[in-house]
Amino acid sequence: MAKQLRQIISPLSAYITTRFQRAFRWSGTKDHELPPFLQIAFLRGEALLRERFFSYLESRHMDDAETQLFFWRQLRENPELLTAVSQQSGLHDALKRQADAGWLAQTEIETQHYTAYCCLLWDLKIQREQQLLATATDRLFAHFSSSLFPTERKQSDPEQIKREIRKILAQQWNMRPEIKESFQTSDDVVTFTLLAKLPGHHPLELTVLQGKRLKPTRLKACQGLLRDLEAGRYKPEMPEKRTTKKSSVPEPF
Numbered sequence: 001m002a003k004q005l006r007q008i009i010s011p012l013s014a015y016i017t018t019r020f021q022r023a024f025r026w027s028g029t030k031d032h033e034l035p036p037f038l039q040i041a042f043l044r045g046e047a048l049l050r051e052r053f054f055s056y057l058e059s060r061h062m063d064d065a066e067t068q069l070f071f072w073r074q075l076r077e078n079p080e081l082l083t084a085v086s087q088q089s090g091l092h093d094a095l096k097r098q099a100d101a102g103w104l105a106q107t108e109i110e111t112q113h114y115t116a117y118c119c120l121l122w123d124l125k126i127q128r129e130q131q132l133l134a135t136a137t138d139r140l141f142a143h144f145s146s147s148l149f150p151t152e153r154k155q156s157d158p159e160q161i162k163r164e165i166r167k168i169l170a171q172q173w174n175m176r177p178e179i180k181e182s183f184q185t186s187d188d189v190v191t192f193t194l195l196a197k198l199p200g201h202h203p204l205e206l207t208v209l210q211g212k213r214l215k216p217t218r219l220k221a222c223q224g225l226l227r228d229l230e231a232g233r234y235k236p237e238m239p240e241k242r243t244t245k246k247s248s249v250p251e252p253f
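Under the working numbering, the residue at position 56 of the sequence shown is numbered 56, and the numbers go up by one with no gaps.
For the record, the hints were derived by calculation from the structure and aren't laboratory data.
Fair warning: there could be bad hints in the mix.
Here are the simulated lysine to aspartate or glutamate pairs, EDC-like style, with alpha carbons at most 16 Å apart [stated by the list, open to error]:
id	residue 1	residue 2
1	Lys-162	Glu-110
2	Lys-197	Glu-178
3	Lys-162	Glu-181
4	Lys-215	Glu-181
Since we're looking at a predicted model, the values are computed, not measured.
Full structure from sequences and hints, please.
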């Protein structure tokens, strides 16, 4: 994971070194404030961050509101990733050469790194550095999501996802279930269901999802269930045991 992050930071560092190699101050700056140009760069860069972040999630079929909020909060409430990018690329040093000393003194270091990152995104956009912008966003988001859930990188394979689901449920129940699928079609709608089955227990319905086509609906259902299990949003109770029918109990002689 560290190697992957270095591969993201390295081209950004080269760009920052070339683009912001000279130290200069903006005229007309009020004490304890960012220069107006940087304030605008931050606001528009933050808007760009939100747009590209949620577009990335949707491209990975993470399009339900609860999941999107979970990932956004993880990104914002755990600033280590953006801090590492800002610090290791030289971006924070470039910001300090342009920001007012009073603003730096009164602003928390994590906020400084976040501000610098958003400013960089807007600068990359206006300079039409599309490849670097994709590196600073999409590649970084992929690194971020895979660091939260290492199995996310393999989530294009429903069978692999089902194995991960089975593993999590086995840890919770101390019994390894079978993960079964069923689907029904009517008109232009397919209803896909994932079930957990344990010997001697009733089947447990884990998730149901409707869609237009079976293959993407199947993948989306598997991905959504795995994310909910990994995030702890869904902790299914162990399936109910089957009761032995009286008629099946042998009569004593």
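Quick rundown of the hints versus the structure:
1. Lys-162 - Glu-110: Violated, at roughly 38 Å.
2. Lys-197 - Glu-178: holds (5 Å)
3. Lys-162 - Glu-181: holds (10 Å)
4. Lys-215 - Glu-181: holds (12 Å)
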